[in-house]
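Residue-level listing of the chains:
Protein chains: 2
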Amino acid sequence: MRNNSLREIVRAFRKYDDYILSTHNNPDGDGIGAELALSFGLKKLGKKVVIANSDPYPENYEFLPSNGLVKDKDAIKASYNVAVSLECSGLDRIGKMKKVFLKSKKIINLDHHMSNEYFGDFNYIDSGAAAVGEQVYDILLGLGVKIDIDIATCIYTALVTDTGSFAYSNTSKRTHQIVVELMNAGVNPSEIYQNIYEVSSLGKMQLLGKALSSLRTDKKRGVAWITLKKDNFIKTGTAYGDSEGLINYARSIKGVNVAISFTEVEEGRVKISLRSKKDDFDVNKIALSFNGGGHRRASGAILEGSIEEVKEKVLNKIFDYIK
Amino acid sequence: MRNNSLREIVRAFRKYDDYILSTHNNPDGDGIGAELALSFGLKKLGKKVVIANSDPYPENYEFLPSNGLVKDKDAIKASYNVAVSLECSGLDRIGKMKKVFLKSKKIINLDHHMSNEYFGDFNYIDSGAAAVGEQVYDILLGLGVKIDIDIATCIYTALVTDTGSFAYSNTSKRTHQIVVELMNAGVNPSEIYQNIYEVSSLGKMQLLGKALSSLRTDKKRGVAWITLKKDNFIKTGTAYGDSEGLINYARSIKGVNVAISFTEVEEGRVKISLRSKKDDFDVNKIALSFNGGGHRRASGAILEGSIEEVKEKVLNKIFDYIK
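Protein sequences, first through last, are from chains L and A.
No gaps in the numbering here: position 5 of the first sequence is 5 in this note's numbering, and each next residue is one more.
No gaps in the numbering here: position 277 of the second sequence is 600 in this note's numbering, and each next residue is one more.
Derived by calculation from the structure, the hints in this document are not laboratory data.
Everything numeric in this text was worked out from a predicted model, so none of it was measured.
Check each hint, because a few of them may be wrong.
Derived pair list, reagent style BS3-like, types lysine-lysine, alpha-carbon separation capped at 30 Å [said to hold, decoys possible]:
#1 L:229 with A:646
#2 L:278 with L:323
#3 A:558 with L:230
#4 L:271 with A:543
#5 A:543 with L:254
#6 L:229 with L:219
#7 A:577 with L:219
#8 L:254 with A:396
#9 L:235 with A:543
#10 A:394 with L:254
#11 A:558 with L:254
#12 L:230 with A:577
I would like the entire structure built from these sequences, with the hints used as guidance.
See below:
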């Protein structure tokens, strides 16, 4: 459970010459930006570097410079001296790449979450960092790497995504200071923002419109819910995955403590998602009672029945719980 | 048309002792944050200050410290030595307060939009500033005012709202540097963000739903627009100010370079807002041609006519510009 200092981590990166870098499955902007930035920095120092992840990058991160470093398929067969994990609490979070990590001589474990399991030969866990990209920035400075525009773009991506555009409480003075330095290196924040966030589709917007017109609230009980029928997806040309995050619109209403979405995944099968804004309202209990699961603040389940039947059953359960 | 230097503006604020401060009608986070911060600073220097605006503050800014400075009704009858305009291109933008401004001995005009009409006795127009709140910050530093938590909270509000949470191209290194200084003064960014953005209402969500069901695109030309009729506000129990930011949903669609919102503010009067995602599409030119203003990436105007007439006129102008 020993945490290494930044200085020790920098020394490790100086010492070894052959790396594979991976981030967690369903990679996000922080993991992606951080691994790319680290790879560019190590390359500059003449090291051999390969990036490989269990899952491909989401489409909206394709704008990032990657210079052919990312090798998803072949990497899993090869072996490397050092395997670097970015933002994984444990080795299982690294998915298919776990095999490669177990074959490597040394594991370096970089993360900014306190829940980390310290599975590396070197562990650099900094819960004060807004993103693992912030840790990588510190490592690169320690290594004396000049922050060029490619590195800066990747670090900025890590910071802006993991802080919700500098809105979450993990955003520190240091985060803003680093942004100033990244802008000095030539980063164009508004362009990056557009590339990541402004790539919605007309269909997704129309689906959101349908969700909002279905929005209902029980003010007294602080409950809000949206309903999406199969037909809404068909008419807007969208898929189930496009409804991700729509529940947050119900959640963001003042006075709402519990938000629910009812989504008809197919005739007679309804997916419910539950979000709680209060620690003392445990939506996991509701989900468990319908053979689903999750955690206190976010959970889900799949129920058989018509959307109206499911709605009645679930809302009654929630209203009972609140009483 | 002479622009005063920061130094000259600071000297003016030092000289005079009796102020009324106003921002434009339908005040936004920048105008509100800036006028509150300036008032606190001037008070600290022992000056007499009143804030009065043509329209009340939207509900989500009620969390800001205001210390009883804001007097909407009586202020209009009194007279003041110096009237300070914050973020108004011309005196008409100040609405009902125009009368008071014309009675005052001196007008100080602060704005960060190039389209400003230089109507003041003192004009401090800094188009490099991300927000008028950034200009006020510079003025307060010039006046030697200590930035306390109240001032810092108001300046942060101005910056975060006018930069779309540091995402728009007006965000500069200076903006991020100021945030560091505001955090040094004790500002809590995530709390402010929640106060401003996570206090939606059922009505606002329904208004967004109406906006999205009105969303239309011209894919070939990369144009998207939403339409809000007076009736949409009435049926959802919302006010014009509640439509702020809805244009971003049109803007966020992939392939859209220009987004427009058409909002019927009253029968026969339509407010248009324009957003550009490309520097070479200057929406300010479109706005200016309809006697409006703003800057390259964000501008607006008010047109007379039915919503259908205005829509045809404006869309044709934009389609012509794209050709």
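The hints, checked one at a time:
no., hint, result
1, L:229 with A:646, "violated, 41 Å"
2, L:278 with L:323, "holds, 16 Å"
3, A:558 with L:230, "holds, 27 Å"
4, L:271 with A:543, "violated, 37 Å"
5, A:543 with L:254, "violated, 39 Å"
6, L:229 with L:219, "holds, 24 Å"
7, A:577 with L:219, "violated, 36 Å"
8, L:254 with A:396, "holds, 29 Å"
9, L:235 with A:543, "holds, 22 Å"
10, A:394 with L:254, "holds, 27 Å"
11, A:558 with L:254, "holds, 19 Å"
12, L:230 with A:577, "holds, 24 Å"
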